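Novice: Sequence:
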Amino acid sequence: MKYLVVLGDGMADKDIEELGNKTPLEYAKTPTMDKYSKMSEIGLVHTIPEGMTPGSDTANLSVLGYDPKRYYTGRSPLEALSIGVDMKATDVALRCNIVTVSIDDLPYEEKTIIDHSSSEISTEDAAILLEAVKKELETDVYKFYVGTSYRHLTIWDKGEVVDLTAPHDVLGQAIGQYLPKDVVLREMMKKSYDILSKHPINQQRVKDGLNPANSLWFWGAGTRPMLSSFEGKTGKKGAMISAVDLLKGIAIGADMKVVEVDGANGGLNTNYEGKADAAVKVLLEDGYDFAYIHIEAPDEMGHQGSVERKVKAIEYLDERVIKRVIEAFEAKGEDFRMIVLPDHPTPIGIRTHTSDPVPYMLYDSTDKKNQTWNYNEKEAEESGNYIADGHTVINHLFKK
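So for the sequence shown, my numbering puts the first residue at 1; every next one is plus one.
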């Protein structure tokens, strides 16, 4: 028996009027999920522990079986693992987004945050911009490291785990009240605007109709993580397929294999087929027991507030990942259990995460159900199946 998680980041949502008061998951054309949901267990799982911030960090730890209340030390330390930064016990890691703030004559504190992803800037352009910032702002105390797209890292020597606001939580708002209380961090953000707004790359982006990557934004502070081995916990040899450093970092911390896929970029135009094929290969050829396929696109489209693109991301997940994986297993006659779920909702209406329970679909090729539920938020709730502690959902997948 092989096991898979197929996770559509931020896929769950609320009813949207322009979709006929359906959610994107309800509205999307998903023939594969429609077919296999009738043979699956449908239900809700609460991935975010009460009192914790609904983030992809806490939620994906839960789905992998790590109780965030026990294991979570911050988002950025997990990303540091992914990009090979060896943190000392006294280091504090900070996520360092390159964001878009309004282009106007207002003081920095009165500017509005427009886009947390700077029009999904390429890693190549972002690296050049970060290098310009490093030349002006890097010291022995604050070191900058390139990540992926708009997502980068700062290591603060002998730093503090300060309270910081995620940029995607305050889109469209004036930034003043959300800036760091720490004077040095706040001043670095202000100086970064002066450096980046004048950079030729950003001047060209404005001409091209793209959002300029014109300010750093620090958030997600934390200390060195200490995860136990996934195989030691579950008895299953696992592999992670994801484009984003957070998920790769979780996998590295859990001693899982990280599979790199060409063209996987965390956006709507990611290499869906490559991710599906990578999971099939590690399971059917390389001797792994478990694969975790993480698709970032629904979350990004939710943050952008794009109904059409979020629906499209879900349709791509169905057609280009789930269908492809199932067909590969059925062609080989291999038995498998697969759970499809989001990590958290990212509702279009608010463009940020919530901690509401999310729908799951658990399919077992050796135990096909015969029921009428479709896979969506409403019918998952109507099913009556509910997993209150998200970190136990992996045991449900493994039949423990």
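Hints are computed from structural coordinates only; laboratory data are not their basis. In this text, all values refer to a predicted model and were calculated from it rather than measured experimentally. Worth double-checking, as some hints may not be accurate.
Unchecked claim - Dumping the calculated DSS-like pairs for lysine-lysine here, alpha-carbon to alpha-carbon at most 27 Å: (1) 143 to 236; (2) 69 to 158; (3) 233 to 69; (4) 135 to 181; (5) 88 to 134.
Novice: Please go over all the hints and tell whether each is borne out by the structure.
Specialist: Status of the hints after comparison with the structure:
With a CA separation close to 37 Å, the supplied pair residue 143 and residue 236 exceeds the 27 Å bound. With a C-alpha separation of about 24 Å, the suggested pairing of residue 69 with residue 158 holds against the 27 Å cut-off. Restraint check for residue 233 and residue 69: satisfied, since their Cα atoms lie roughly 17 Å apart, inside the 27 Å limit. Between residue 135 and residue 181, the direct Cα distance comes to roughly 24 Å. Compliance with the 27 Å bound is thereby established for this hinted pair.
Taking the CA atoms of residue 88 and residue 134, the gap is near 21 Å; set against the 27 Å cutoff, the hint holds.
Hint compliance for this structure: hint 1 alone is broken.
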